[in-house]
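Enquirer: Sequences listed follow chains A and B, in order. Numbering follows the working numbering, with no gaps: position 164 of the first sequence is 164. Numbering follows the working numbering, with no gaps: position 309 of the second sequence is 309.
Calculated from the structure, these hints are not laboratory results. Backbone N, C-alpha and C fix where the C-beta goes; we use that ideal spot for every residue, glycine too.
The following label-pair restraints were derived from C-beta to C-beta distances: (1) A:D77 to B:R61: 54 to 64 Å; (2) A:D80 to B:Q357: 31 to 41 Å; (3) B:R61 to A:R248: 51 to 61 Å; (4) A:D234 to B:S323: 40 to 50 Å.
What follows is the residue order along each chain.
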Amino acid sequence: MKIFIVESENDEFFVRALITEMQQTAAKVYAIEEFKHSNLSETALKTQISSALIDLRSINGAMLGIVLDIDEAAQQDRLDLVNRCIQKAFYENFERDIDTILSQTNQLYPLRIDEYTTVQVACHFTNVDGKGELETVLKSIKTQDSTFADCLECWQKCFEQRNKKLAAKGEQGDITDKEMLKLWVDFYKRFDTMKKSKRNEFSTDWKGIWLGETAPNKRGETRQVEARGTTIFDLNHTVLNDLKNFIRLFEQ
Amino acid sequence: MHLRNISIQNFRCFQNTTAQGFKTINLLGGQNNVGKTAFLEALLLLNESNAQSIITLLKSRNVELDFMTRMPTIAWDNFFYQQQNSKEIVIKTDSFSRKWQLKIGILKQDEPELKNNSSFDEQKLISLTKELTIENSCDLIGGINKDGHTVGMYHLKTTTDDVIIVRNQSKGIINTNYIPSNKSASHEELALIFDTAKYEGWSDRLLAAFRLIDPSIVKVDSFSLGKTPSIYLQRNNEKYLPLSHFGDAMNKIANYVLRIVGSNNSVLLIDEIENGIHHSHQEELWSMLFKLALEFKVQIFATTHSGEMLNAFKNVTIKQQDSDSGAYFMLDRHHTTQEIIVQKIPIATLNERIQTQKPTRG
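Working from the sequences, and respecting the hints, build out all of it.
Expert: As structure tokens, then:
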């Protein structure tokens, strides 16, 4: 059995779609939080690792993959974070320390729970040229014209002329580049890739786009929709090679 | 807190199981027949390693003492894992204030004193035992063949390494109250405990607990109107009614509260704590138990099947000032050895698993 931990539900849907596209065996995917916040919560990551270890404890051949966005962090900082969370989760679950340290990404390390149970653990940091997050990847692998999304650049110029500021991480500003990126992806999926007549809450839902069934709305309704993710994004793009190689580790 | 961990070998369904990380209040969940009740029994034996505990366990399992007489050679087999009575039962702990190991084995030897005894009862059983101390062992007569042949003898022996005697526990015993799922305390027993609590000034705790379920109750007292004393409750502008006339929840709450306020520095074991408690009162019950357990320094172990009770426990534990005061353990079977695992689930993890509908009870 294998479990992947990702940062948000959107990441979860994407990873599940990628696994299907790669024709890999099914895996459970646990999202740390419903929506991604600006900073990854260490407590939330530790809790998710703790939960995954509880599920994997009862299984032979258990594997755990942790997929986080690199954002603007240094790789070593992210590795340190993952190691801290693994160690804390392990101690809280099993009341003992572990020696295992993940010193590299994309490599499996054994986490020994008892004489008969070892969980193979690895982590991967989503990035494009060493930075970014899932939306950065999605922007890189778009397949269709993105006029509406690209015109957000003009919107940016417009508000900057009016003394509103785009802020990079750690800077003061009125809107962050991360928010701009999310807007770009939203505009692309909503305006560039859908005809006006077809746009509604169901057709623009990420779960529906990737998996063909929408998430429940406020009334608890779900719907079967066309899973058009592989049409509007290229899951064979070279940008995804590292992530795919990471997922292939878990087919051993 | 008395116990931090326990190791159980060859007892009931436990071949070799350890559990770590106990807190003030500990809730255990798991599938049917996974060993939750047996776990409480192991705790009882570890804390109060004496003949009375053995009898308590026999009674709670509805074993007739007459069975011991009729089948002496197998009288004790059901205490042993897969009835392997040639191996000792070992239950031990290595906690802050207590390092204690209990071994239970079967000895078969003649007991000349009993050869001519043709009857067997509980009182005789007790009178033949010695108080268990760390210096000497307790011989418990298991079964007596009426013809006076070899008897099965349950020999309780303790061995200790570097034992640290808990203050006021010079005999190495932690006072432990066990509330089985299928047994109610007698009203007389509850009334006697209540009288002690009233004398010591703690009876208001019981009234406060009753009012969680029924706010119209204004007084609680004990009276001996018949042969035996009973607890009576009074609602506003009404006469006193005996506790037995109130619902199961009230009787259970009386039992829980009185076992705590009547036994400072003790351990309380409750099997199937949810029985009789409506879901709307479960968080209040847990809040009350946390408050009393901390005040009277009582460590509580309880089992549950109920998802609602588990959720209520989780909610109350999160709100405690010391969020470390409660712990949840899930009992399950190991995938390879089939041994019972006692898996601690941290409260934050439990919260996440309940919210995302992941399994929490095996």
